[in-house]
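Based on the sequences and whatever the hints tell you, model everything.
Number of protein chains: 2
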Amino acid sequence: METRIKTLGILHAAHFTAQLDTVRLRTGRLTERIKVDHPEAAAVVPFLDSEHILMVRQWRYAIERETLEIPAGKADPGEEVLICANRELQEETGYRAERFLELFRYFPAIGYSNEVIRIYAASGLARIEARQDEDEISKVEVLPIQRVYDLMVDGTIRDGKTVIGLSMFRTLRERGQIPGDFFS
Amino acid sequence: METRIKTLGILHAAHFTAQLDTVRLRTGRLTERIKVDHPEAAAVVPFLDSEHILMVRQWRYAIERETLEIPAGKADPGEEVLICANRELQEETGYRAERFLELFRYFPAIGYSNEVIRIYAASGLARIEARQDEDEISKVEVLPIQRVYDLMVDGTIRDGKTVIGLSMFRTLRERGQIPGDFFS
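Protein chains in written order, with the numbering used here: chain A, 1180 to 1363; chain B, 1180 to 1363.
In short, the hints are calculated from the structure, not lab data.
Glycine included, every Cβ here is placed at the ideal spot set by N, Cα and C.
Treat each hint with caution, since some may be false.
As the list claims (entries may be wrong) - Ranges between beta-carbon positions, derived for each pair:
{"no.": "1", "chain 1": "B", "residue 1": "Ile1184", "chain 2": "A", "residue 2": "His1194", "range": "16 to 22 Å"}
{"no.": "2", "chain 1": "A", "residue 1": "Ser1229", "chain 2": "B", "residue 2": "Arg1354", "range": "19 to 25 Å"}
{"no.": "3", "chain 1": "A", "residue 1": "Thr1335", "chain 2": "B", "residue 2": "Pro1358", "range": "20 to 26 Å"}
Unchecked claim - Calculated pairs, SDA-like style, for lysine to any residue (alpha carbon to alpha carbon, straight line, at most 20 Å):
{"no.": "4", "chain 1": "B", "residue 1": "Lys1318", "chain 2": "A", "residue 2": "Thr1206"}
{"no.": "5", "chain 1": "A", "residue 1": "Lys1318", "chain 2": "B", "residue 2": "Arg1203"}
{"no.": "6", "chain 1": "B", "residue 1": "Lys1253", "chain 2": "B", "residue 2": "Glu1281"}
{"no.": "7", "chain 1": "A", "residue 1": "Lys1318", "chain 2": "B", "residue 2": "Glu1243"}
{"no.": "8", "chain 1": "B", "residue 1": "Lys1253", "chain 2": "B", "residue 2": "Arg1239"}
{"no.": "9", "chain 1": "B", "residue 1": "Lys1185", "chain 2": "A", "residue 2": "Arg1239"}
{"no.": "10", "chain 1": "A", "residue 1": "Lys1185", "chain 2": "B", "residue 2": "Phe1195"}
{"no.": "11", "chain 1": "A", "residue 1": "Lys1318", "chain 2": "B", "residue 2": "Thr1206"}
{"no.": "12", "chain 1": "B", "residue 1": "Lys1318", "chain 2": "B", "residue 2": "Glu1211"}
{"no.": "13", "chain 1": "B", "residue 1": "Lys1318", "chain 2": "A", "residue 2": "Thr1201"}
{"no.": "14", "chain 1": "B", "residue 1": "Lys1185", "chain 2": "A", "residue 2": "His1191"}
{"no.": "15", "chain 1": "B", "residue 1": "Lys1318", "chain 2": "A", "residue 2": "Lys1253"}
{"no.": "16", "chain 1": "A", "residue 1": "Lys1185", "chain 2": "B", "residue 2": "Glu1243"}
{"no.": "17", "chain 1": "A", "residue 1": "Lys1253", "chain 2": "B", "residue 2": "Val1202"}
{"no.": "18", "chain 1": "A", "residue 1": "Lys1318", "chain 2": "B", "residue 2": "Met1180"}
{"no.": "19", "chain 1": "A", "residue 1": "Lys1253", "chain 2": "A", "residue 2": "Ser1229"}
{"no.": "20", "chain 1": "A", "residue 1": "Lys1318", "chain 2": "B", "residue 2": "Gly1207"}
{"no.": "21", "chain 1": "A", "residue 1": "Lys1253", "chain 2": "B", "residue 2": "Glu1211"}
{"no.": "22", "chain 1": "A", "residue 1": "Lys1185", "chain 2": "B", "residue 2": "Ala1192"}
{"no.": "23", "chain 1": "A", "residue 1": "Lys1185", "chain 2": "B", "residue 2": "Ile1242"}
{"no.": "24", "chain 1": "B", "residue 1": "Lys1318", "chain 2": "B", "residue 2": "Arg1306"}
Have a look at this one:
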């Protein structure tokens, strides 16, 4: 294991922080590590029917480009991750869902962040309102799921949670772990 | 798009940084964002034969636990990513590879990091030396690839790059995009 010797500096953003620590490695050697302390996060693969999903286009500051992704976001303090998934779906797409099925939970950036993303499939979608999150989302699109797999293979989609959500959905469907009435 | 108004603070680790910026959103509203400025990174799915891969156990400081992952690491300044892949494979497992095939490149943490991970399949493995990276790697293991998929589904493996590497390998193999002589 690795133990913290001291924290050299810390940055505070809304709801999460990044800190630089001096760390003792398993061999005894010292090094420095950046650690992002991140709240839990949720992502949603929203199924309009068994073959079509909603995706969002948004500008990503860290990579300075617009991307095509599944809806996602950080949990507010004290918020259950499933509640967060439903809220982010509504804010980013204007749809709510009747059913959520957890597909996977994982560490996106294990080298420097404790973030855990839980990915859900959602179905029973109903349009409720104009989107709220105009600050971040520029467009909502409907895509055939087969087209999404093609866009992963050709490199158009390069967002980790989107690739994992769609891949794990396919794996679970092939293994018979998506309930037969999920899309009804 | 989103534009930086000013940088409020910055942390420097070896070869990468985290900074806190004030940012103007597309709607004109101001917010703060943490951005990790990360070098390119490589990950390798190392095939001993068409059905067995090497994986490594290592302690992950950010999540305070040991994990089972494919070998990976950051490129040194000026280092080609493919060279980095070969170096990390050798340092973490003690094997070198004759053949590398790029499976995918993606953004693991698009919300706060510009990191890009390129994942390769590697074959033609040959043991060259005792492992060097005793600081980080506690054990090297051989796993049947079907077992790795099972460990993803049951949640034992929760590392994003490992899930994406194995998922994209399976997708490309199903689509006939892994050359027939890759394992020979």
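Hint check results:
1. Between Ile1184(B) and His1194(A) the Cβ separation comes to about 20 Å, which falls inside the hinted range of 16 to 22 Å.
2. For the hinted restraint 19 to 25 Å between Ser1229(A) and Arg1354(B), the CB-CB distance of approximately 22 Å keeps it satisfied.
3. At about 23 Å, the beta-carbon gap between Thr1335(A) and Pro1358(B) stays in the expected band of 20 to 26 Å.
4. Annotation: proposed proximity of Lys1318(B) to Thr1206(A) holds, straight-line Cα distance about 14 Å (limit 20 Å).
5. For the hint linking Lys1318(A) to Arg1203(B), the alpha-carbon distance of about 19 Å falls within 20 Å, and the restraint holds.
6. In summary, the hint linking Lys1253(B) to Glu1281(B) is supported, as the alpha carbons are separated by about 16 Å, within the 20 Å threshold.
7. Our distance criterion of 20 Å between C-alpha atoms is broken by Lys1318(A) and Glu1243(B), whose separation comes to about 38 Å.
8. At roughly 15 Å between alpha-carbon atoms, Lys1253(B) and Arg1239(B) fall within 20 Å of each other, so this suggested pair holds.
9. Annotation: proposed proximity of Lys1185(B) to Arg1239(A) holds, straight-line Cα distance about 17 Å (limit 20 Å).
10. For the hint linking Lys1185(A) to Phe1195(B), the alpha-carbon distance of about 19 Å falls within 20 Å, and the restraint holds.
11. This hinted pair checks out: Lys1318(A) and Thr1206(B) have alpha carbons roughly 14 Å apart, not beyond 20 Å.
12. Only pairs whose Cα atoms come within 20 Å are accepted, and Lys1318(B) paired with Glu1211(B) is rejected, the gap being roughly 41 Å.
13. Between Lys1318(B) and Thr1201(A) the alpha-carbon distance is near 24 Å, which puts this suggested pair outside the 20 Å criterion.
14. For the hint pairing Lys1185(B) with His1191(A), the CA-to-CA distance comes to about 15 Å; that is within 20 Å, so the pair holds.
15. Pair hint Lys1318(B) plus Lys1253(A) does not hold up; C-alpha atoms about 34 Å apart against a cutoff of 20 Å.
16. Restraint check: the Cα-Cα separation between Lys1185(A) and Glu1243(B) comes to about 16 Å, which is no more than 20 Å; the hinted pair holds.
17. Note on Lys1253(A) and Val1202(B): the hinted pairing holds, with a Cα-Cα distance of about 18 Å set against a maximum of 20 Å.
18. Proposed proximity of Lys1318(A) and Met1180(B) is supported: the alpha carbons are some 13 Å apart, at most 20 Å.
19. The hinted pair formed by Lys1253(A) and Ser1229(A) fails the criterion: a straight-line CA distance of about 27 Å is larger than 20 Å.
20. A hinted pair counts as satisfied when its Cα atoms are at most 20 Å apart, and Lys1318(A) with Gly1207(B) qualifies at roughly 17 Å.
21. Pair hint Lys1253(A) plus Glu1211(B) holds up; C-alpha atoms about 15 Å apart against a cutoff of 20 Å.
22. For the hint pairing Lys1185(A) with Ala1192(B), the CA-to-CA distance comes to about 14 Å; that is within 20 Å, so the pair holds.
23. Our distance criterion of 20 Å between C-alpha atoms is met by Lys1185(A) and Ile1242(B), whose separation comes to about 17 Å.
24. Using a Cα cut-off of 20 Å, the hinted pair Lys1318(B) and Arg1306(B) holds, with the two alpha carbons roughly 15 Å apart.
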